[in-house]
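Undergrad: With these hints in hand, go ahead and build the complete structure from the sequences.
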Amino acid sequence: MVSNAKIYVNGDTSDSNNSSYTVFPPCKRMKHDDDDHHHQRQHQQYHNRNNNNSNSNNNNNNNVSSVKFKGVVPQQNGHWGAQIYANHQRIWLGTFKSEKEAAMAYDSAALKIRGDDSQRNFPWTDNNNQEPNFQNQFTKEAILNMIRDGTYQPKFADFLRIQSQREDQNYIDGGTASLNQIIVHGDEQFSCRQLFQKELTPSDVGIVFGEAARVMYLQEGGIDL
DNA sequence: AGCTGTGTTGAA
DNA sequence: TCAACACAGCTG
448 MVSNAKIYVN GDTSDSNNSS YTVFPPCKRM KHDDDDHHHQ RQHQQYHNRN
498 NNNSNSNNNN NNNVSSVKFK GVVPQQNGHW GAQIYANHQR IWLGTFKSEK
548 EAAMAYDSAA LKIRGDDSQR NFPWTDNNNQ EPNFQNQFTK EAILNMIRDG
598 TYQPKFADFL RIQSQREDQN YIDGGTASLN QIIVHGDEQF SCRQLFQKEL
648 TPSDVGIVFG EAARVMYLQE GGIDL
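Counted the way this note's numbering counts, the first sequence spans residues 448 to 672.
It should be emphasised that the hints constitute simulated quantities derived from the structure, not laboratory data. By construction, the Cβ of each residue, glycine as well, lies at the ideal position given by its N, Cα and C atoms. Please note: incorrect hints may appear among the correct ones.
Stated by the list, open to error - In the BS3-like style, the derived pairs of lysine-lysine whose C-alpha atoms are separated by at most 27 Å in a straight line are: (1) K602 <-> K587; (2) K515 <-> K587; (3) K515 <-> K544; (4) K602 <-> K517.
Unchecked claim - Derived CB-CB ranges, DEER-like: (5) Y532 <-> Q612: 32 to 42 Å; (6) T572 <-> R613: 30 to 40 Å; (7) A589 <-> Q530: 14 to 24 Å.
TA: As structure tokens, then:
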């Protein structure tokens, strides 16, 4: 259970603002607050299990939550274990501070073990639909080990980051025409290329367009800082 | 001592 | 296949 996990990119698009947020390694995370449970109720519709016993919401006697995720089991101390079964064996995926993390661990393991049409806890999103491509780089054992040691999510986040940078670069490389596009600003007209060559500082470029544009700036003869 | 993960069992 | 439960054994 050791990692330097920083961001968690899997799953939850019901987050209002973005698709990534700060996390801690498995079993090292802060307690989740109530809005976490709102998300879980939504997901329970997707993962439609236990719909019958709606009165189980009043979990009065013990630490077992009313919201059940597939492959997630409560631990004595309030933590959550994740597990998946394959060929008559339980594969333990680790323990987590929140049900949601454990449920995400299950989804990632299920994707590798059972494929992308397996039943999962969270729906597919723009982010996690790249997950099969990410997983194809690794063996099943490697994926499971990453899930267990907490490095899976940060590595997947790196994968997504690199992917989006490549897309940015492709846009610039293949976008010569758009560089020559004329922009009208007041009485003045200039091309996008002129903007690159004359108007922007490296920091401007970095802020507005990110790393890919910084490379473009350097290719155009800009000076790196 | 606290926690993790395995052993086991019964339900689906 | 799956989760509930108990607890052995590991770790800090």
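Undergrad: If a hint holds in the structure, say so; if it does not, say that too.
TA: These are the hints, each one checked on the structure:
no.: 1; hint: K602 <-> K587; result: holds, 15 Å
no.: 2; hint: K515 <-> K587; result: holds, 26 Å
no.: 3; hint: K515 <-> K544; result: holds, 15 Å
no.: 4; hint: K602 <-> K517; result: holds, 24 Å
no.: 5; hint: Y532 <-> Q612: 32 to 42 Å; result: holds, 38 Å
no.: 6; hint: T572 <-> R613: 30 to 40 Å; result: violated, 20 Å
no.: 7; hint: A589 <-> Q530: 14 to 24 Å; result: holds, 19 Å
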